[in-house]
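So the sequence lines, in the order shown, correspond to chains A, B and C. Each residue of the first sequence is one higher than the one before, starting from 1 at the first, in the working numbering. Each residue of the second sequence is one higher than the one before, starting from 1 at the first, in the working numbering. Each residue of the third sequence is one higher than the one before, starting from 1 at the first, in the working numbering.
Certain hints may be false.
To be verified - Ranges between beta-carbon positions, derived for each pair:
no. : chain 1 : residue 1 : chain 2 : residue 2 : range
1   : B       : 482       : A       : 229       : 34 to 44 angstroms
2   : B       : 367       : A       : 243       : 56 to 66 angstroms
3   : A       : 356       : B       : 300       : 55 to 65 angstroms
4   : A       : 25        : C       : 13        : 52 to 62 angstroms
5   : A       : 149       : C       : 111       : 31 to 41 angstroms
6   : A       : 395       : B       : 433       : 45 to 55 angstroms
7   : A       : 359       : B       : 482       : 16 to 26 angstroms
8   : A       : 25        : C       : 111       : 53 to 63 angstroms
9   : A       : 364       : B       : 482       : 21 to 31 angstroms
Hints listed in this document are in silico derivations from the structure and should not be mistaken for laboratory results. Quick caveat: nothing in here was measured; it's all calculated off a predicted structure. Positions of the beta carbon are idealized from the N, C-alpha and C atoms, including for glycine.
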Amino acid sequence: MATPPTNPTMSERGRSLVRHRSFLAQPSTIVVMLLLIAFTVSIVSLSEAAGGDISTSLVKTLGKTMCLCLIAVAMDLVWGYCGILSLGHFAFFGLGGYMVGMWIMYARTEAIVVEAARNAPLPPTPQEIRDAIGTQIFGVVGGSDIPPIWAFAHSLPLQLILVVLVPGLLALVFGWLAFRSRVTGVYLSILTQAMTLALSLYLFQNDSGLRGNNGLSGLQNIPGFEEVPQSVVSVAFFVASAVALGAGYLLAAWIVSGKFGSVIRGIRDDEPRVRFLGYQVEHYKLFVFTLTAIIAGIAGALYYPQAGIVNPAEIAPIASIYLAVWVAIGGRGRLYGAIIGAAFVSLLSTWFTGGRAPDIHLGFYTIQWVDWWQVLLGVAFVLVTLFAPKGIGGLVDLLVRPKRQASAGQPAPREAAE
Amino acid sequence: MRKAPRLAGLAPAVLVALAALFWAAGVGAQSEAPPTPVEQILLDNSELIQKSSRRTIGPAIDALASSGLPEAADVLRLWRERELYVRKSDGRFVRAARKGSAYELTNIITGAPMGEASRRDVDQIKPNSGIQAMIGAALVAFQLNDPDPAVRLRALQGIERDPEASHLTGLRAAIGRESDPFVQEAMARAERRLTIQFDEDEAARIAAIMSFAGDLDVSTRATLNPLLATHLAVREKSAPSDANVARTLTPGSDGFSYQAAYEILVNEGLAPKVITAAARDQALIAAIDDGSVAGVKVATLDTREARDAAYLRLADEGKVPHTMTEDEQFALLGNFIFEDVYSQSPAITDATNETIDAINMRVAMYEAADLALDGISLASIYFLAAIGLAITFGVMGVINMAHGEFIMMGAYTGYVIQLFIPDKTLSIIVALPVAFAITFAAGVALERLVIRWLYHRPLETLLATFGVSIALQQLAKNIFGTQARPLTSPDWLGGALVINDALSISYIRIAIFVLSVIFFLVLLFILNKTRLGLEVRSVRQNPRMAAAMGINPDRINMLTFGLGSGIAGIAGVAIGLFAKVTSDLGAGYIVQSFMTVVVGGVGSIFGTLAGATLIGFLQKGIEALNPSNTLAAQTYMIIFIIIFIQFRPKGIFALKGRAAEA
Amino acid sequence: MSALLEVAGVSVSFDGFRAINNLSFEIEEAELRAIIGPNGAGKTTFMDIVTGKTRPNVGKVTWGPNNISLLKRSEAEIARLGIGRKFQRPTVFEDQSVFDNLLMALKKPRNPFAAMLYRRDEDDIARIRALAEEIGLTGALMRRSGELSHGQKQWLEIGMLLAQDPKLLLVDEPAAGMTVGEREHTTRLLRETARTRAVIVVEHDMEFVRQLGCRVTVLHEGSVLAEGSLDYVTNDARVIDVYLGR
């Protein structure tokens, strides 16, 4: 068996497969993109703004779901592919929301203040405007000074840069510290959770400069678009979220398709081995961690203007764990699995907790889903982990696999090495 | 201040008067009792009393005070409260109550009616405030000489509550006569305090002040602090000063702003009023004429400079007064010195400062001790919460996110048991083993149903147990509701062990400390000295080898997990005693617990102890630096831990070599 | 001729147990060397020290003509310097195809951005094909390496080692789980390789070591007990005592 008999047809196929194949040509990418475009177009054309039946609130829910799908893709990249179970990506998501929220709140308050000053006998001085804005925004936490971290809040471009920069830098510094000292596995998970907890506790303080537990509110009112009805604004954000999701998906698909993808999957499965191959594992992890943090920040920046409010509770460690739940239920290690999981669980959760699910009458007890949905989710999650580690995405294998058994199709997810 | 008691005194008087009215109507006039001895003393000194002069009244008060009659105190009190009247017809002292235009008279001791008299027939004795003070002092001396030590002590407390200069003499006299050493001690303290406040002799005051060095009583500080009261004084630079200066204030620093300094000058009449921004704007608005002010277009007045310039033009036109520019204000401020000046003399303030420093020194020492105790009790709470986790996570390598929910289950178990067993002590004693049994069973069930299938897949264990955690939390919410349930500790755990005014430890914290010490020792014993512990350690180090030696790793894992969970249940009962029992009780401890285990070093009970101690002390330490903000303390603590792990990734008690990779 | 790798006076202990005790060892460029020794002699720990996984308490480890110290370097840096390692238990990336495994090992810039922008070209594909030919996995290039037999995984790992183009190969029990034919192939391959680079083989199987026909170093309790030809060391009384005697 020193030289196994070479099958000429297999060899031929091998020859064609080893050629570089663009990630764009992967069936899953094509299907996801087509579905995304079709879905977006149909929702937009059926929306209230276009004279259709889909309510503004539903459009908002779907737009928010898109953002959740985007952060789920990021989570899949960092966890499903690179094996880092981060319990902190919702912190980056929240930070992205805060960064854009600062501009929205500042600019809108400024508009209101300037409008109010129009009737004053003297035109307002810049200081008076600043004071009025400070009082308006920070009165609720007993302050009136605008904290230094709001220095760029007047400028949309600068705040948008911060959307990328703040989560990115936080992830870079945190990741550098953690990966450098080779904190891995559950330790790293706990450490990321601690980071999230620290951040949310910090933001809960009134003197954090971000309005304590009140958070930033009124974010659905986009400055400069006060006259545009919410139905149109919601469609615009929906489309933007869809574009971001598409772009994020393509970026992630590109990254995991090539040698880089091989390396990070190698890190997930056997980190020391990758090291002995000469790869600086820390750099790869840091890159993926930071990149996904930035994607999460962008997703948050799109999410919170649709949600209308961002507060420290959003950043609580539990949110990041839910993110892991979505990805696990959807099927990790496959990008579309993350999207399926996030969309499925979050929409289902909205449906159940929104009181729209029918109660189940058992005679002696009535199951009200508002109360029991969490129990169901928890149990379902345990069952998925135990019996369907591939998640919902595993169903796709059942449909597709038999036809391409011999080919090197989608990588099956595998548990990270200890 | 003085009105309240008088009004209160009126009510009984009215009652007495009404009673007397009925009496008079029913029985008719009655012969009056002859004067009692105390009344006789009043009669003997009638002239002095009615004269009511501060200089001459002394013998009259003394006569009453030294009479040894028990009623004398009541009479003195009536006198002081201006409720004593004299009937002109026979000079007898009576009490009187208004009734229409006349007075209803009653005996000053017995309250027996003595008929009516017109307003002209009685005179009210009106001691002035000087005499009132003298009577007060006599009264105090009276009470301080009461045969009942409880009364003496109460009198002393009265003095301390409301000290007056007049008390001093009586107090000093009483100390010598006091037989009860405890009361004497209290009198001596009160005397020194009164000396500080009222003695005329400065040397005596200083001696008294110095005698309090190191005294921790809160009232001592309350006595001393007023001596250091200061007021802000301003003087011209050239003017000499002999004031006892506490500190010199520099405008623009130490929270003493230029505006405040200038404001003081204005208030003292040393500087002209400055036109504020608001006043300037008012003036400008008032002067708007056809869209411009003094020739300046209103639309351009959108900066401070433009407004100042426009105001200046108005002033030049003479329409408004000139204001001082900031430079002029600064220049003016430069001519003055602002000082905090003590009201007391330098000798007094020096002595006080010295004494207070000495007190503060001791207080700081006790506060440090208090902080250490706080740290210990927080550490024991973290230890209790984390030790179960240390067993499941450290010994088995299984991360159990539902650990917090086991704590919560323990707390609810305590609550439910208290519903059936009202006796608090008994219920807690029952709750501890029951909580252990319930969470032990829950832990075993979790291990058998979920975790067993996920060994060697730690991240999946983390997620699956998280699923269990959210299900359990919601389940608890559905059963017990969202509001906090009471888990009441027995009364004997309610109080605190008071060591002194600066240091006290609540019994519940001592109990939790004792509980965690017991846990520590028991677990140490189980893991190191028992067969089970041996088997647990061998399974941890090499499951296959252990299995080959006849140990059933399945059984050991199950028992270990049960043990860890059971301990969480007991911890839950303990934590429930002081925390709110809600469905997310445990979730609040889970991250800290993990950190405790990780910081301490996984797999070592000593490590958990070290981790809990470090985190407990650290958190209290940071809180002490910024007591108003516990959130910030937690934030900084977590950041510290993240950095700590950089340097000791495996914790304080790190396992080395091959075992560490197991 | 200076030594390619020089280990001098190295000791390391875990919790008081001295795994390596004042060990000194040298290997030339283009030399084949077998290391034998009973369990616990410190063979694996020795490899761990050379590859940077374990830091010794004392001693020196220097590399190459410039005598670079390896003690302060990370595993990845040491690997990039040209020290490749094959593990006792075959460790390949089971989730990925044989081709991807080899591609990852192929000597190329190792930084993340290079990896991301990397596009396979004809040369690389040809090189991987040649390697696959060498290790007998041509037909299995597109299979998931997890599906391979134990022996095939061993081969794949050897192939990955060769793909790195290292100057020194550390090979831990390469023949374990191989058929007789495969062993012969392995022997041939290792001897072939040792013409241009240094190869250290850790092996239990005396027959396999005999086939390699190279100098043998015997480790015992963390230090070198004897060194020389196989015949020489197997006749050494101490070696017989501690190792062969059992």
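Evaluated hints:
For the pair residue 482 of chain B and residue 229 of chain A, the supplied restraint of 34 to 44 angstroms holds, since their beta-carbon distance comes to about 38 angstroms. The hinted window of 56 to 66 angstroms between residue 367 of chain B and residue 243 of chain A holds, with their beta carbons roughly 59 angstroms apart. The given range of 55 to 65 angstroms is respected by residue 356 of chain A and residue 300 of chain B, whose C-beta atoms sit roughly 59 angstroms from each other. The hinted window of 52 to 62 angstroms between residue 25 of chain A and residue 13 of chain C holds, with their beta carbons roughly 55 angstroms apart.
In this structure the supplied range 31 to 41 angstroms holds for residue 149 of chain A paired with residue 111 of chain C, their Cβ-Cβ distance being about 34 angstroms. Between residue 395 of chain A and residue 433 of chain B the C-beta distance comes to about 48 angstroms, which sits within the given range of 45 to 55 angstroms. For residue 359 of chain A and residue 482 of chain B, the hinted distance range of 16 to 26 angstroms is satisfied, since their beta carbons lie about 19 angstroms from each other. Between residue 25 of chain A and residue 111 of chain C the CB atoms are about 27 angstroms apart, so this pair departs from the stated range of 53 to 63 angstroms.
About 23 angstroms separates the C-beta atoms of residue 364 of chain A and residue 482 of chain B, a value consistent with the hinted range of 21 to 31 angstroms.
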